Amino acid sequence: MAKMNQLHRIVLIVNKFAVKGKYVQAAELVDYIEEQMRTRFSDTAGCSLRTLQRDFKDIDTLFGITIRHMDGKGYYVADTKPQSDGYKSLLFNMEILGLMDSDSSISRYVLPEKCRPVINVDFSVFFDAIRESKYVKFNYTYFRYGNKVSAKMVRPVFLKESQNRWYLVGYDRKDDRLKCFAIERMDSLGLLPEKFVLDANDIDVRALFNESYGIWNNPDDPVEEIILKYDALDGSFVKSLPLHTSQEILGDDESGITIRLHLRITNDFVMALLARSRSVEVIAPLHLRHRVRDVLKNAYERNL
Numbered sequence: 001m002a003k004m005n006q007l008h009r010i011v012l013i014v015n016k017f018a019v020k021g022k023y024v025q026a027a028e029l030v031d032y033i034e035e036q037m038r039t040r041f042s043d044t045a046g047c048s049l050r051t052l053q054r055d056f057k058d059i060d061t062l063f064g065i066t067i068r069h070m071d072g073k074g075y076y077v078a079d080t081k082p083q084s085d086g087y088k089s090l091l092f093n094m095e096i097l098g099l100m101d102s103d104s105s106i107s108r109y110v111l112p113e114k115c116r117p118v119i120n121v122d123f124s125v126f127f128d129a130i131r132e133s134k135y136v137k138f139n140y141t142y143f144r145y146g147n148k149v150s151a152k153m154v155r156p157v158f159l160k161e162s163q164n165r166w167y168l169v170g171y172d173r174k175d176d177r178l179k180c181f182a183i184e185r186m187d188s189l190g191l192l193p194e195k196f197v198l199d200a201n202d203i204d205v206r207a208l209f210n211e212s213y214g215i216w217n218n219p220d221d222p223v224e225e226i227i228l229k230y231d232a233l234d235g236s237f238v239k240s241l242p243l244h245t246s247q248e249i250l251g252d253d254e255s256g257i258t259i260r261l262h263l264r265i266t267n268d269f270v271m272a273l274l275a276r277s278r279s280v281e282v283i284a285p286l287h288l289r290h291r292v293r294d295v296l297k298n299a300y301e302r303n304l
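Residues 1 to 304 in the numbering used here are what the sequence shown lists, from first letter to last.
It is possible that part of the hints are untrue.
Calculated lysine-lysine pairs in the PhoX-like style (CA-CA distance at most 25 Å, straight line) [what the hints assert, rightly or not]:
| no. | residue 1 | residue 2 |
| --- | --- | --- |
| 1 | K22 | K57 |
| 2 | K195 | K179 |
| 3 | K239 | K195 |
| 4 | K134 | K73 |
In short, the hints are calculated from the structure, not lab data. Here the structure is a predicted model, which is why all the values come from computation and not from measurement.
Please model the complete structure; the sequences and the hints are all you need to start from.
Put into C-alpha cells, the structure is as follows:
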C-alpha cells in the first residue's frame, strides 16, 4: 500500500506542475496532495513536505524530471532530461489504475485491455535497482530455444513498454552486452546487494530506441529512409497515430497518403507494416519491399 500511495503522489505532483505553471508554493503543494490523496484515494495519513521532497528525488531518478525550490517563489520544474519523453502517457496509465483501485464505480466506465501477459514479479524491485544502482537477478525463459531457463544477473538501464508488453533493458553481466528481457518471462526476481558504477563507454541506449520501432534488437542495423504509401482509409489512421516520431507526410490527397520515416528496420516494424497490408505499398528501400512481399507470399502459400 505504501508504494501504491507513493505512485499516486508522483502522479499528482507531476500533474500539479503541468497544470499550475512554473512555481508552486510549498504549503500549497502539501495541501493539494493531502486533499487529493484523501478524496481520490482514501488516504488519511497526511503528507509532509519532507515526504514530497523524497518523491522529488524519485521523480528525477525514474522520469528525468528535476524539481527544485527558489526562495520567495516556490518549487518549479528546473529540467527535463531525455528519459522524460513519454512520461505523461505512463503517468496517465498509472492514474487510471489508481482511480479504478480507489473507486469501484470508475470500473463501470473504463474498459482496460484484457489480453495482457501474466507477470509474476514485483515491479518495485526494478525501481529500487535503478534508484540504488544495483544488479537484479532472475530466471529467464527462452521461448525460441525450447523454453530453456537461464539464470541472469543484469545491470538495469530502464523499463520499456512495447505492444502491451514490458521489457527490462540492461547489461547482461555474463558478457556485458546490452539486451532486452521480457518481464513476463521472468521469475525468482531479486535485488543483489552489490552496486555497479556507470560505465562511460555505455551505448546511448535511448538513441537506439529513438531510431527503432518497438523493441530494438541490433545496434549495427543502419538508420534508413523509408517511404510508404497507404490508401485514404488506412492513411487516416496512420496520420492520427504516426508509426514513428520521424514520420513526415510527403503527399496527401483522395488517393491516399505517402509518408517518410527514418529508423532502423526491426522485426516489430515489419509486423506493423503487415498489419495494414491491405493497402500499404513500400516505395523504399527496395530490400524492405522484398521482405514484406516474401512474408505475404509465404502466408498466401500456407493458406491456399
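Hints, one by one, checked against the model:
{"no.": "1", "hint": "K22 with K57", "result": "holds, 18 Å"}
{"no.": "2", "hint": "K195 with K179", "result": "holds, 19 Å"}
{"no.": "3", "hint": "K239 with K195", "result": "violated, 45 Å"}
{"no.": "4", "hint": "K134 with K73", "result": "violated, 37 Å"}
Hints 3 and 4, counting from the list given before, are not met by this structure.
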